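Chemist: Let's have the full structure, built from the sequences with the hints guiding it.
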Amino acid sequence: MKLASLSAAELAIRLGGEGVALSIGDFAICLKSPLSSVAKAVAFFYGDYELCAVGSFIDYRVEVAPPSVIRRWFRPQVNFSFDGLMPFKPLPQVQAFAMFEWGLNWVIANNAHQFLVIHAAVVERHGRALIFPGSPGSGKSTLCAALVNCGWRLLSDEMALISLANGLVTPFPRPVSLKNASIDIIGRYAEKAVIGDVIQETAKGSVAHMRPPVSSVAAGGRQSIPSAVIFPRWQAGVASSLSELPKGQTLLKVAENSFNYNVLGITGFNALADTINRCRCYAYTYEFLDDAVETMELVVQDG
Amino acid sequence: MPSVCLLHFRTWADQCVAFEAASATTHLIEQPAGLLLEWASSGPLSLQQLSDKLREVVTVERHDETFPYVVDTVRNFVSLELLEIKEATE
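Residue numbers (our numbering), protein chains in the order written: chain B, 1 to 303; chain G, 1 to 90.
These aren't lab readings, by the way, just hints derived from the structure by calculation.
One thing to keep in mind: the hints can contain errors.
Okay, derived cross-link-like pairs now, DMTMM-like style, lysine to aspartate or glutamate, Cα gap no bigger than 20 Å in a straight line [as the list claims (entries may be wrong)]:
#: 1; chain 1: B; residue 1: LYS40; chain 2: B; residue 2: GLU10
#: 2; chain 1: G; residue 1: LYS53; chain 2: G; residue 2: GLU38
#: 3; chain 1: B; residue 1: LYS32; chain 2: B; residue 2: ASP48
#: 4; chain 1: B; residue 1: LYS40; chain 2: B; residue 2: ASP26
#: 5; chain 1: B; residue 1: LYS2; chain 2: B; residue 2: ASP83
#: 6; chain 1: B; residue 1: LYS89; chain 2: B; residue 2: GLU50
#: 7; chain 1: B; residue 1: LYS253; chain 2: G; residue 2: GLU20
#: 8; chain 1: B; residue 1: LYS253; chain 2: G; residue 2: GLU30
#: 9; chain 1: B; residue 1: LYS253; chain 2: G; residue 2: GLU56
According to the in silico footprint, chain B covers these stretches of chain G (three or more CB under 8 Å from chain B) [to be verified]:
#: 10; stretch: 22-33
#: 11; stretch: 60-71
Here are the in silico distance ranges between beta carbons for each label pair [claimed, not checked]:
#: 12; chain 1: B; residue 1: ALA181; chain 2: G; residue 2: ASP72; range: 29 to 39 Å
#: 13; chain 1: B; residue 1: GLY265; chain 2: G; residue 2: ASN76; range: 57 to 67 Å
#: 14; chain 1: B; residue 1: ALA181; chain 2: G; residue 2: ARG75; range: 47 to 57 Å
#: 15; chain 1: B; residue 1: SER37; chain 2: G; residue 2: LEU80; range: 34 to 44 Å
#: 16; chain 1: G; residue 1: PRO68; chain 2: B; residue 2: ILE225; range: 44 to 54 Å
#: 17; chain 1: B; residue 1: LYS179; chain 2: G; residue 2: ARG75; range: 42 to 52 Å
#: 18; chain 1: B; residue 1: GLN114; chain 2: G; residue 2: ALA13; range: 25 to 35 Å
#: 19; chain 1: G; residue 1: LEU80; chain 2: B; residue 2: LYS192; range: 30 to 40 Å
#: 20; chain 1: B; residue 1: GLU294; chain 2: G; residue 2: ALA22; range: 38 to 48 Å
#: 21; chain 1: B; residue 1: GLU256; chain 2: G; residue 2: ALA13; range: 15 to 25 Å
#: 22; chain 1: G; residue 1: ARG75; chain 2: B; residue 2: VAL238; range: 35 to 45 Å
#: 23; chain 1: G; residue 1: PRO68; chain 2: B; residue 2: THR202; range: 49 to 59 Å
The structure presented is a predicted model; accordingly, all values stated were derived computationally and were not measured.
Even glycine gets a Cβ: it sits at the ideal position worked out from N, Cα and C.
Modeler: Written as structure tokens, this is what we have:
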């Protein structure tokens with residue numbers, strides 16, 4: 001049963017009560033929130049996700065709620081909590097849905113140690129996953145959104161989950177977070193992209209989310225083989241340029257972009273080294289998305 | 001004789017990565033220095049033995065071409081606390 005099968009009223013009641021348990025990739029996430037803005041955004045972005053069966057195991061329980069009843073009248077705020085912990089300071093209530101997304105990223109990055117978690121976007125074509133590690137502003141989400149709108153499968157725009165059990169990438173498909181200029185760039189590039197409201201003046205600037213493709217959500221249980229690690233960098237006025245990186249150097253760069261490499265110790269080192277071993281490694285600079293999409297097609301076809 | 005702390009290696013053509021389990025530190029090492037560290041980790045070897053092994057790999061005949069490099073490289077590894085020098089017992 002998909003979340004979209006709930007009426008708006010039913011969804012709001014569940015979110016404000018026992019919570020709504022969603023199946024997202026490998027995880028069962030239970031979200032509670034009394035806020036109508038969160039209910040509206042969840043219906044908009046997560047309508048295609050399966051609800052977990054009643055009584056099934058929940059991996060993580062999170063809540064997005066106002067700090068107090070009184071505070072609602074003065075610059076209303078919102079808190080994110082996970083198992084009763086509040087890891088962040090409250091944010092303006094208009095950022096409630098974005099806070100859920102950011103908070104869920106934090107939960108997975110800090111708790112899902114059955115994976116090597118890399119700060120990276122991951123997309124797949126022909127059964128081969130391309131991993132785009134990168135710091136904020138590198139252009140990985142923009143490139144990821146463009147590829148997804150050209151028929152690539154979205155595994156994640158935020159984190160590559162490398163299974164410690166088999167070395168495959170486990171999908172965690174969720175709304176793609178677009179920031180600042182990327183919002184208009186993707187809006188123009190992909191007319192069919194479904195982009196939600198723009199939230200202004202967040203810590204990351206203007207933020208909007210793009211709904212993930214139905215096919216990517218439906219394939220959320222299917223792992224993928226890592227095929228290439230590519231460090232993208234958007235730069236104005238440069239020609240598209242793909243250059244091979246030495247594997248040792250790539251390993252260190254990816255380790256710097258991992259959330260839990262140091263936590264996992266030798267297990268993390270082996271998982272990362274195995275991933276690098278099976279991947280081709282590149283640095284990629286681009287200005288135009290058409291060039292980038294064409295180049296990524298060539299990379300994935302090269303196998 | 002160099003001996004080594006607990007290291008795990010992955011080696012590629014021109015680079016080697018060593019993971020130091022005790023500190024969870026990862027070191028990127030250019031070749032052939034990585035080979036020297038890896039050999040030393042497989043068992044205590046003298047500087048002379050390391051130099052001989054390196055000579056075989058890089059196919060040079062003269063010992064004095066590789067020995068200074070081995071000494072310098074081992075000295076660097078010692079300063080990084082990846083190796084320690086122990087006197088031979090006999």
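Chemist: Report the numbers of all earlier hints that the structure fails to satisfy, in ascending order.
Modeler: 4, 5, 6, 9, 11, 12, 13, 15 and 19
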